[in-house]
Amino acid sequence: MGIFDKLKKIVSTKSVPKETEELYDAGLKKTREEFVSKLSMLGIKYTRVSDAYFEELEDLLISADIGVNTVFSFLERLKDRVKKEKIEDTKNLTEVIVDELFIIYVNNESLTTKINIEENGPTVILMVGVNGVGKTTTIAKLAYKYKNIGKKVMMIAGDTFRAGAVEQLKIWADKTDSLFYGRDNTDPAGVIYDGLEMAKQENADIVLIDTAGRLQNKVNLMKELEKINKVIDRIIPGAPHETLLVIDAATGQNGIMQAISFKEITNITGIVLTKLDGTAKGGIVLAIKEAVDIPVKFVGLGEGMSDLQTFDIEEYIYGLFKDLM
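Under this note's numbering, think of the first position of the sequence shown as 3, with each following residue one higher.
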């Protein structure tokens, strides 16, 4: 059974809400139209596999923001398979390309997109990322998601020095009917300490902590995050249970550099890719996994509160290549 048949079977037998399928379909539309249509045209231009075909395929993959290093290793594997399986017709190669792209992400690992939820006491989720990537709205969407399944949610404003950051988070807390703690122009670790004490008193289930997004001085940010992590662990041993890095998918290679930088300064457990629906460079999902080996846990597939979806590699690959199947 080829990858197309496998994906069709997996997607059709999954108990995925129709809304989720539609969001992946619509959210990957720009990438699908840009990347997949060009891949189809490449198969028409070159009916036989050749060096010229591989050269144009390389350019196409790089333009989809899959990443130069990822593309080079991918093409090496692809050429090996072409040789071993004696593939000559480019029509037969398309399915092999999709299969190899799938392998890049999965790579024989059982990647979990599940959030590590604590059964006893609050689950603490620390949110990191540079300013302007959609961190605050992601916190709001996560709050909305957890409120909808009956969880008591609290937000803590740890980005204390950026003008308007505390107030902005408070507005989202009110909109999502979440508990809130924050103070302007003060030590973030102190605010988080007091906020977590409040979370324990209020028996919150999920605590979402915002942090500053300054990457210009990595040493300062590293020290700040080290201090924050120590404080969190002191109040709730073993926390934070997740540290999620928020990246704007539209920033492409810049987003990958952010992932590399944040991985150097703190323990990232998962990635949230926002604004995937607004870019034709959806290949960043594959590039980011290859670059930092951290699973994508959520993807933003629209501006609505319910448009932040748990990442699903099968839905992603299917949504990307369905027009070829």
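Please note that the accuracy of each hint is not assured.
Estimated spans, in silico, between C-beta atoms of each pair [to be verified]:
| id | residue 1 | residue 2 | range |
| --- | --- | --- | --- |
| 1 | GLU204 | LYS10 | 43 to 49 Å |
| 2 | ASN71 | THR312 | 24 to 30 Å |
| 3 | ILE105 | ALA165 | 23 to 29 Å |
| 4 | ASP179 | TYR48 | 53 to 59 Å |
| 5 | LYS172 | ARG79 | 24 to 30 Å |
| 6 | GLY306 | ARG216 | 50 to 56 Å |
| 7 | LYS40 | ILE173 | 41 to 47 Å |
| 8 | LYS172 | GLY306 | 17 to 23 Å |
| 9 | SER65 | ARG164 | 30 to 36 Å |
| 10 | GLN203 | SER39 | 28 to 34 Å |
| 11 | LYS20 | SER42 | 22 to 28 Å |
| 12 | SER39 | GLY280 | 17 to 23 Å |
Treat the hints as calculated values from the structure; they're not laboratory data. If you're wondering where the values come from, they're calculated on a predicted model, not measured in any experiment. For each residue, glycine too, the CB sits at the ideal point set by N, CA and C.
So, going through the hints one by one against the coordinates:
Remark: the range hint 43 to 49 Å for GLU204 to LYS10 is upheld by a beta-carbon distance near 47 Å. Restraint check, ASN71 to THR312: a C-beta distance of roughly 28 Å satisfies the suggested window 24 to 30 Å. A hinted range of 23 to 29 Å for the beta carbons of ILE105 and ALA165 is inconsistent with their spacing of about 46 Å. One distance hint, 53 to 59 Å for the beta-carbon pair ASP179 and TYR48, holds here, with the actual separation near 57 Å.
A hinted range of 24 to 30 Å for the beta carbons of LYS172 and ARG79 is inconsistent with their spacing of about 50 Å. Here the CB-CB span from GLY306 to ARG216 is close to 29 Å, at odds with the stated 50 to 56 Å. Under the hint 41 to 47 Å, the C-beta atoms of LYS40 and ILE173, about 42 Å apart, fit the expected range. Restraint check, LYS172 to GLY306: a C-beta distance of roughly 21 Å satisfies the suggested window 17 to 23 Å.
SER65 and ARG164 have their C-beta atoms about 34 Å apart, which keeps the hinted 30 to 36 Å range intact. In this structure the supplied range 28 to 34 Å is violated for GLN203 paired with SER39, their Cβ-Cβ distance being about 56 Å. Between LYS20 and SER42 the Cβ separation comes to about 27 Å, which falls inside the hinted range of 22 to 28 Å. In this structure the hint that SER39 and GLY280 lie 17 to 23 Å apart at CB holds, the actual value being about 18 Å.
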